[in-house]
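Participant: Sequence:
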Amino acid sequence: MSGRIEIVGRVSGRRRWTVEEKLAILRDAFGPDGSVRAAVERHEVGSGAIYTWRRQAMSGALSGVPARPQTAFAEVQISEPPMMLPAPPVEALADARIAG
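With the working numbering, letter number 34 in the sequence shown gets 34, and the count goes up by one each step, no holes.
Keep in mind the hints are simulated off the structure, nothing from the lab.
These numbers were taken from a predicted model, which means no experiment stands behind them.
Glycine included, C-beta positions come from ideal geometry on N, C-alpha and C.
Please note that the accuracy of each hint is not assured.
[Stated by the list, open to error] Label pairs and their in silico Cβ distance ranges: (1) 77 x 44: 21 to 29 Å; (2) 6 x 49: 24 to 32 Å; (3) 56 x 78: 40 to 48 Å; (4) 27 x 4: 32 to 40 Å; (5) 16 x 77: 48 to 56 Å; (6) 75 x 14: 28 to 36 Å.
When you get a sec, could you build the whole thing from the sequences and use the hints?
Facilitator: Okay, structure coming up:
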């Protein structure tokens, strides 16, 4: 026995993430083929933090991500339908078929 102990994992307490790091982790978690669980393991961050960052990003509170656009309405003007020509009399249609 060598008398050595190896510590595996993070020793430090709370970690500070930059906005760029948060955005990269969000892309990793929610991007194409992304997985929150894989991002949690890869970046050693809690899943709660990832969901909090996503909520902040969606609301625009996380700088670097634009807020969702507000719903806008376009003005619509309704006009009368165009005048329709009257249908030809049935006799005229029958005469056209006989002549043709």
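Participant: Taking the hints in turn, state whether each one holds.
Facilitator: Status of each hint after checking the structure:
1. 77 x 44: 21 to 29 Å: Check failed, 58 Å falls outside 21 to 29 Å.
2. 6 x 49: 24 to 32 Å: holds (27 Å)
3. 56 x 78: 40 to 48 Å: holds (42 Å)
4. 27 x 4: 32 to 40 Å: For residue 4 against residue 27, whose Cβ atoms are near 39 Å apart, the range 32 to 40 Å holds.
5. 16 x 77: 48 to 56 Å: Since the Cβ atoms of residue 16 and residue 77 sit about 55 Å apart, the hinted range of 48 to 56 Å holds.
6. 75 x 14: 28 to 36 Å: violated (52 Å)
In this structure, the hints that do not hold are numbers 1, 6, in rising order.
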